[in-house]
Amino acid sequence: GAGVSQSPRYKVAKRGQDVALRCDPISGHVSLFWYQQALGQGPEFLTYFQNEAQLDKSGLPSDRFFAERPEGSVSTLKIQRTQQEDSAVYLCASSSGSRYQETQYFGPGTRLLVL
Amino acid sequence: KNEVEQSPQNLTAQEGEFITINCSYSVGISALHWLQQHPGGGIVSLFMLSSGKKKHGRLIATINIQEKHSSLHITASHPRDSAVYICAAPNYGGSQGNLIFGKGTKLSVKP
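Same order as they appear, the protein sequences are chains Y and Z.
First residue of the first sequence: 1, per the numbering used here; consecutive thereafter.
First residue of the second sequence: 1001, per the numbering used here; consecutive thereafter.
Treat each hint with caution, since some may be false.
Across the chosen pairs, the derived CB separations fall in these ranges [stated by the list, open to error]: (1) Z:1092 x Y:62: 19 to 25 Å; (2) Y:12 x Z:1092: 32 to 38 Å; (3) Z:1110 x Y:62: 28 to 34 Å; (4) Z:1016 x Y:97: 24 to 30 Å; (5) Y:15 x Z:1003: 43 to 49 Å.
Derived pair list, reagent style DSBU-like, types lysine-lysine, alpha-carbon separation capped at 30 Å [to be verified]: (6) Z:1068 x Y:11; (7) Z:1068 x Z:1103; (8) Y:78 x Y:57; (9) Y:57 x Y:14; (10) Z:1068 x Z:1055; (11) Z:1054 x Z:1103; (12) Z:1053 x Z:1110; (13) Z:1110 x Y:57; (14) Y:57 x Z:1103; (15) Y:78 x Z:1001; (16) Y:11 x Z:1054; (17) Y:11 x Y:57; (18) Y:11 x Y:78; (19) Z:1053 x Z:1103; (20) Z:1054 x Z:1106; (21) Y:14 x Z:1103; (22) Z:1103 x Y:78; (23) Z:1053 x Y:57; (24) Z:1110 x Z:1001; (25) Z:1110 x Z:1055.
These are computed hints drawn from the structure, not numbers from a lab.
Ideal Cβ placement from N, Cα and C applies to all residues, glycine included.
Based on the provided sequences and hints, a complete structural model is requested.
Written out as structure tokens, the structure is:
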């Protein structure tokens, strides 16, 4: 079956530009997570959805970051007025159960470069 | 908040060697995750364990809840095992909160 997919795979943005990153989780998965991974570091949590509800957004680094999952399936992470420090790989993961103690299935990531 | 530390940061081995990667955390947890990240970024979940030991092929993961420590072992290592191995634990201990990830151990297995 299809895994988690993300698009675009690569994105180059000029500083100040808005970007939108898409995640298609595994069909039927309740939980969806967004992570940010800087070069040479482990992933860092950004936000968590259970169905369409955003239950945890404690990891979003600023109010320029916004995520939504309006119908409880596809999710979009939007970054407004991108800055160079936003350059990273953005990973999406989904799991079949609720909360965090389930096996998470990761997408390939979107590599964002802000010039 | 939990703090997750991994060692070593980098590891080079010859094909066939036995590999050990260590992970320690500061706040007691209900389960710990081990993941594998290949060049190009794809992350695969290897294990989620809450006690004792789990084995999958040549991979073995152990956890000591009292000592807040876990190890990932690879027996008869092969060049295709070359990847970054990451452990992750719940941020607030128990089963609460988002996952906190270690910085990863970059393993390179030479033929």
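Status of the hints after comparison with the structure:
no., hint, result
1, Z:1092 x Y:62: 19 to 25 Å, "23 Å, holds"
2, Y:12 x Z:1092: 32 to 38 Å, "37 Å, holds"
3, Z:1110 x Y:62: 28 to 34 Å, "43 Å, violated"
4, Z:1016 x Y:97: 24 to 30 Å, "39 Å, violated"
5, Y:15 x Z:1003: 43 to 49 Å, "33 Å, violated"
6, Z:1068 x Y:11, "39 Å, violated"
7, Z:1068 x Z:1103, "17 Å, holds"
8, Y:78 x Y:57, "13 Å, holds"
9, Y:57 x Y:14, "26 Å, holds"
10, Z:1068 x Z:1055, "20 Å, holds"
11, Z:1054 x Z:1103, "22 Å, holds"
12, Z:1053 x Z:1110, "27 Å, holds"
13, Z:1110 x Y:57, "42 Å, violated"
14, Y:57 x Z:1103, "22 Å, holds"
15, Y:78 x Z:1001, "27 Å, holds"
16, Y:11 x Z:1054, "39 Å, violated"
17, Y:11 x Y:57, "23 Å, holds"
18, Y:11 x Y:78, "13 Å, holds"
19, Z:1053 x Z:1103, "23 Å, holds"
20, Z:1054 x Z:1106, "22 Å, holds"
21, Y:14 x Z:1103, "29 Å, holds"
22, Z:1103 x Y:78, "25 Å, holds"
23, Z:1053 x Y:57, "33 Å, violated"
24, Z:1110 x Z:1001, "38 Å, violated"
25, Z:1110 x Z:1055, "24 Å, holds"
Of the numbered hints stated above, those contradicted by the structure are hints 3, 4, 5, 6, 13, 16, 23, 24, listed in ascending order.
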